[in-house]
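Here is how the chains run, residue by residue.
There are 2 protein chains.
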Amino acid sequence: MGIRIGILGYGNLGRGVECAVAANEDMELAAVFTRREPSRLKIASAGVPVVNVKDAEAWKDKIDVMVLCGGSATDLPVQTPQYAKLFHVIDSFDTHARIPEHYAAVDKAAKESGHIGIISVGWDPGLFSLARVYSNAILPEGKDYTFWGKGVSQGHSDAIRRIKGVKNAKQYTVPVESALEAVRSGSNPELSTRQKHTRECFVVLEEGADAAQVEQEIKTMPNYFADYDTTVHFITEEELLKNHGGLAHGGFVIRSGKTGHEKEHSHIIEFNLKLDSNPEFTTSVLIAYARAAYRLAKEGQTGCRTVLDIPPAYLSPRSGEDLRKHLL
Amino acid sequence: MGIRIGILGYGNLGRGVECAVAANEDMELAAVFTRREPSRLKIASAGVPVVNVKDAEAWKDKIDVMVLCGGSATDLPVQTPQYAKLFHVIDSFDTHARIPEHYAAVDKAAKESGHIGIISVGWDPGLFSLARVYSNAILPEGKDYTFWGKGVSQGHSDAIRRIKGVKNAKQYTVPVESALEAVRSGSNPELSTRQKHTRECFVVLEEGADAAQVEQEIKTMPNYFADYDTTVHFITEEELLKNHGGLAHGGFVIRSGKTGHEKEHSHIIEFNLKLDSNPEFTTSVLIAYARAAYRLAKEGQTGCRTVLDIPPAYLSPRSGEDLRKHLL
Numbered sequence: 533m534g535i536r537i538g539i540l541g542y543g544n545l546g547r548g549v550e551c552a553v554a555a556n557e558d559m560e561l562a563a564v565f566t567r568r569e570p571s572r573l574k575i576a577s578a579g580v581p582v583v584n585v586k587d588a589e590a591w592k593d594k595i596d597v598m599v600l601c602g603g604s605a606t607d608l609p610v611q612t613p614q615y616a617k618l619f620h621v622i623d624s625f626d627t628h629a630r631i632p633e634h635y636a637a638v639d640k641a642a643k644e645s646g647h648i649g650i651i652s653v654g655w656d657p658g659l660f661s662l663a664r665v666y667s668n669a670i671l672p673e674g675k676d677y678t679f680w681g682k683g684v685s686q687g688h689s690d691a692i693r694r695i696k697g698v699k700n701a702k703q704y705t706v707p708v709e710s711a712l713e714a715v716r717s718g719s720n721p722e723l724s725t726r727q728k729h730t731r732e733c734f735v736v737l738e739e740g741a742d743a744a745q746v747e748q749e750i751k752t753m754p755n756y757f758a759d760y761d762t763t764v765h766f767i768t769e770e771e772l773l774k775n776h777g778g779l780a781h782g783g784f785v786i787r788s789g790k791t792g793h794e795k796e797h798s799h800i801i802e803f804n805l806k807l808d809s810n811p812e813f814t815t816s817v818l819i820a821y822a823r824a825a826y827r828l829a830k831e832g833q834t835g836c837r838t839v840l841d842i843p844p845a846y847l848s849p850r851s852g853e854d855l856r857k858h859l860l
Numbered sequence: 533m534g535i536r537i538g539i540l541g542y543g544n545l546g547r548g549v550e551c552a553v554a555a556n557e558d559m560e561l562a563a564v565f566t567r568r569e570p571s572r573l574k575i576a577s578a579g580v581p582v583v584n585v586k587d588a589e590a591w592k593d594k595i596d597v598m599v600l601c602g603g604s605a606t607d608l609p610v611q612t613p614q615y616a617k618l619f620h621v622i623d624s625f626d627t628h629a630r631i632p633e634h635y636a637a638v639d640k641a642a643k644e645s646g647h648i649g650i651i652s653v654g655w656d657p658g659l660f661s662l663a664r665v666y667s668n669a670i671l672p673e674g675k676d677y678t679f680w681g682k683g684v685s686q687g688h689s690d691a692i693r694r695i696k697g698v699k700n701a702k703q704y705t706v707p708v709e710s711a712l713e714a715v716r717s718g719s720n721p722e723l724s725t726r727q728k729h730t731r732e733c734f735v736v737l738e739e740g741a742d743a744a745q746v747e748q749e750i751k752t753m754p755n756y757f758a759d760y761d762t763t764v765h766f767i768t769e770e771e772l773l774k775n776h777g778g779l780a781h782g783g784f785v786i787r788s789g790k791t792g793h794e795k796e797h798s799h800i801i802e803f804n805l806k807l808d809s810n811p812e813f814t815t816s817v818l819i820a821y822a823r824a825a826y827r828l829a830k831e832g833q834t835g836c837r838t839v840l841d842i843p844p845a846y847l848s849p850r851s852g853e854d855l856r857k858h859l860l
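First to last, the protein sequences are chains Z and C.
Each position in the first sequence, counted from 1, maps to that position plus 532 in the working numbering.
Each position in the second sequence, counted from 1, maps to that position plus 532 in the working numbering.
No wet-lab data here; the hints were simulated from the structure.
Keep in mind that a hint or two might mislead.
Just so you know, same-sequence chains aren't split out, so a pair can sit in one copy or run between any two.
Taking lysine-lysine and the DSS-like style, the derived pairs with C-alpha atoms no more than 25 Å apart in a straight line are [unchecked claim]:
#1 Lys774 with Lys830
#2 Lys857 with Lys643
#3 Lys640 with Lys699
#4 Lys594 with Lys857
#5 Lys675 with Lys574
#6 Lys830 with Lys643
#7 Lys574 with Lys699
#8 Lys675 with Lys857
#9 Lys682 with Lys574
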């Protein structure tokens with residue numbers, strides 16, 4: 533019997549976890565938990581029970597790790613501490629500024645009930661955090677650069693959709709290639725917001741809306757667009773659905789540092805991702821850390837953890853001996 | 533008082549450790565140990581004792597972590613287990629095929645004497661191993677690619693110098709840009725040895741040596757050059773010393789993998805390094821892991837560890853709280 537995974541929430545992330553579990557031989561999907569009426573939810577895996585979240589407690593001993601697939605804005609701040617009382621849990625909480633309070637809440641619930649909770653797992657926070665921590669520890673004298681994209685920003689797309697006259701929209705964050713090259717050269721440039729990323733918007737107008745007015749509102753929107761070079765394309769709803777439905781994303785974490793008694797030597801540490809499917813990749817990371825959660829729990833550890841606390845070997849299904857022989 | 537570091541062996545690595553300790557505020561250099569006559573060894577740090585290795589035992593309680601800076605061929609297989617009896621130790625043992633036996637020897641010595649030993653720390657093995665283990669755990673369906681360079685290969689330079697008629701030589705390993713691009717495209721190419729790297733040799737001949745004969749011997753040398761496209765340049769000793777004395781290196785670890793029920797989505801995870809000074813960077817990694825060794829020892833842990841066993845947060849001088857707030 534493999535590690536028994538529960539999925540709570542069957543959106544893009546839930547479906548990604550389902551896929552990732554199938555790709556890992558040491559795991560099995562035990563059940564999918566939903567707030568909807570279970571009989572109406574069709575999942576991809578044959579024979580796996582769909583359960584109403586209200587009945588989750590009955591599954592206490594039948595789930596090794598519960599993967600929480602809700603959103604960071606309102607779901608996870610409640611769900612992760614709540615379900616940490618019943619299960620070992622893992623989430624992809626990605627509101628950077630609120631991580632300390634989320635950590636505290638999950639830590640308390642998990643410790644009191646004797647569970648493990650791993651939070652903020654994915655690629656940023658997640659793998660990008662690892663890249664930042666490793667490279668800062670190795671090159672204490674240096675400068676960090678993070679670039680995102682090319683990929684859709686949900687927050688920016690939503691901001692455009694709230695403008696009067698806009699029917700639908702997708703916004704791509706695009707890293708500026710020349711800025712990336714400047715960073716890679718080791719010149720440690722000071723880069724303004726505008727110099728690092730451009731924003732590309734694909735907008736479907738409501739009938740009779742004023743295109744020039746909408747474009748002006750987008751380009752001058754504070755925080756979201758005003759500090760960026762923004763391009764706006766007006767397209768039809770058909771074009772939007774056909775050409776801009778993808779979930780590709782990616783990004784770059786680069787640390788540029790110096791060593792030597794005179795700081796005369798430059799070094800570049802770069803980590804980058806190019807992802808066809810943001811949710812499927814995020815959940816692939818989640819599932820590797822679900823394995824770690826299972827192992828930590830077996831050791832009797834309790835409380836909250838992040839990717840920074842977990843030895844890399846705990847993510848792999850292979851033994852320490854095997855890893856040392858073949859991957860070290 | 534900071535973490536008290538000892539250096540054993542004052543070559544390129546030893547000097548790099550000295551530099552890295554100076555760059556980390558929570559550390560101090562306690563002593564340099566040498567097999568040479570101590571009074572004849574001039575080190576960069578004023579006021580730091582230089583001690584004959586024979587007297588190391590007297591320093592048992594004055595060193596928190598001993599950094600072993602010997603070579604992997606003959607020094608470290610003996611030194612690391614030997615000094616693990618007296619100190620918490622760390623080394624950069626890089627003979628991949630012999631890691632399992634080195635691990636066993638260090639584990640035994642460290643456990644018996646109640647010490648921690650971290651082996652094979654640097655960038656390959658080391659950071660590249662981390663990239664391989666993380667990315668394999670995340671994308672179980674995929675293919676690994678490692679490229680080295682551009683940088684000097686000591687082993688290949690030595691092989692050229694053993695040829696009759698050769699006075700001196702430097703050999704650069706150069707990754708093939710088109711192969712790197714093919715890998716990054718997600719096409720999962722099958723790449724032969726010849727397709728991944730080229731070899732570029734700068735050779736100084738002895739007086740009267742036959743250039744054509746030397747070039748032929750290099751290009752047909754089994755294992756080292758026969759399977760590669762190799763270029764040979766004959767230069768003067770002055771040119772070699774002036775233009776090819778650098779210690780730059782680097783490389784790329786890329787995992788190209790698939791997710792999705794039909795494996796329809798491609799993902800690229802890339803980690804790359806561009807280093808002005810291979811020994812200074814390697815020792816910067818060593819020193820970050822020396823901090824981890826110190827912390828593991830404080831917890832009372834004993835035995836051998838590799839980079840795969842150590843939580844990333846242990847490398848950083850910052851607290852868990854600080855890391856969660858600013859780098860996660």
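Taking the hints in turn, this is what the structure says about them:
1. Lys774 with Lys830: neither (47 Å within a copy, 58 Å between copies)
2. Lys857 with Lys643: between (36 Å within a copy, 21 Å between copies)
3. Lys640 with Lys699: neither (44 Å within a copy, 68 Å between copies)
4. Lys594 with Lys857: neither (35 Å within a copy, 35 Å between copies)
5. Lys675 with Lys574: Classified as neither; 48 Å inside a copy, 33 Å across copies.
6. Lys830 with Lys643: Classified as both: same-chain Cα gap 15 Å, cross-chain 24 Å, threshold 25 Å.
7. Lys574 with Lys699: neither (29 Å within a copy, 74 Å between copies)
8. Lys675 with Lys857: Between copies, since 18 Å is at most 25 Å while 35 Å is not.
9. Lys682 with Lys574: neither (32 Å within a copy, 52 Å between copies)
Figure legend: structure checked against the earlier numbered hints; hints not met, in rising order: 1, 3, 4, 5, 7 and 9.
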